[in-house]
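Colleague: So you can see what is in the structure, the chains are spelled out below.
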Amino acid sequence: EVQLLESGGGLVQPGGSLRLSCAASGFSFSNYAMSWVRQAPGKGLEWVSEISGSGESAYYADSVKGRFTISRDNSKNTLYLQMNSLRTEDTAVYYCAYGRYYAGSHDHWGQGTLVTVSS
Amino acid sequence: DIQMTQSPSSLSASVGDRVTITCRARQGISNSLAWYQQKPGKAPKLLLYGASRLESGVPSRFSGSGSGTDYTLTISSLQPEDFATYYCQQYYTTPYTFGQGTKLEIK
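Going line by line, the protein sequences match chains A and B. Going left to right, the first sequence walks through residues 1 to 119 as the numbering used here numbers them. Going left to right, the second sequence walks through residues 120 to 226 as the numbering used here numbers them.
Worth flagging that the hints you see were computed from the coordinates, not collected in a lab. Ideal Cβ positions, reconstructed from N, Cα and C, are used throughout, including at glycine. Please note that a few of the clues may not be correct.
Calculated cross-link-like contacts (lysine-lysine; reagent style BS3-like; alpha-carbon spacing at most 27 Å) [said to hold, decoys possible]:
(1) B:164 x B:222
(2) B:161 x B:226
(3) B:164 x B:226
(4) A:43 x B:161
(5) A:76 x B:226
(6) B:158 x A:43
(7) B:226 x A:43
(8) B:164 x A:43
(9) B:158 x B:222
Covered stretches of chain A, going by a simulated chain B footprint (3 or more residues, C-beta under 8 Å) [claimed, not checked]:
(10) 15-26
(11) 43-55
Model the full structure from these sequences, guided by the hints.
Modeller: Here's what the structure looks like:
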């Protein structure tokens, strides 16, 4: 059974940093691109970033480019999102997700972790 | 970025109704279109990918169609468990982009 378990969310002040983790199990982690998708309270879904299976390629939304870094450790089956220079508008539930069929078509999602940026 | 325009933003319907949600891309996306269902407090659930391919385990009352820039999600006969928010998403190119969502409510 595929499982994606996010952790690392919490309350952080504007300008602060946080690192999210997503522990994966039940599939060949290194074979699949992984994404982070977020959802601000009461708002819609926003794709944040994607990393290739090997970790060699990464892509970002303009809203986080230069502030967030996606990475993965295939030996630990874990995906990361390092978030720096956090802003109040980064407040959201962050989901990790992947797609078996196509990289951007996400058929498996974690339960999400809440990041709150507030003073 | 490819903007996705989804309509309507909200919809009231009754059990047994047939409903259609549309999604328009600002440019052609070659059927690289997914539909998701999301219930409050839960992660999104993939319903269809490739515009019309039903995800395993999803009831056949859900169907998708379209090509080029225009796509539709149809629910043939609404069931009580279908009342939720629906999103389209293009994965033709990064940044992947979502429609703004359609909240389907009970009439």
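Colleague: Output the numbers, in ascending order, of every earlier hint that fails for this structure.
Modeller: Checked against the structure, the hints that fail are numbers 5, 10, while the rest are satisfied.
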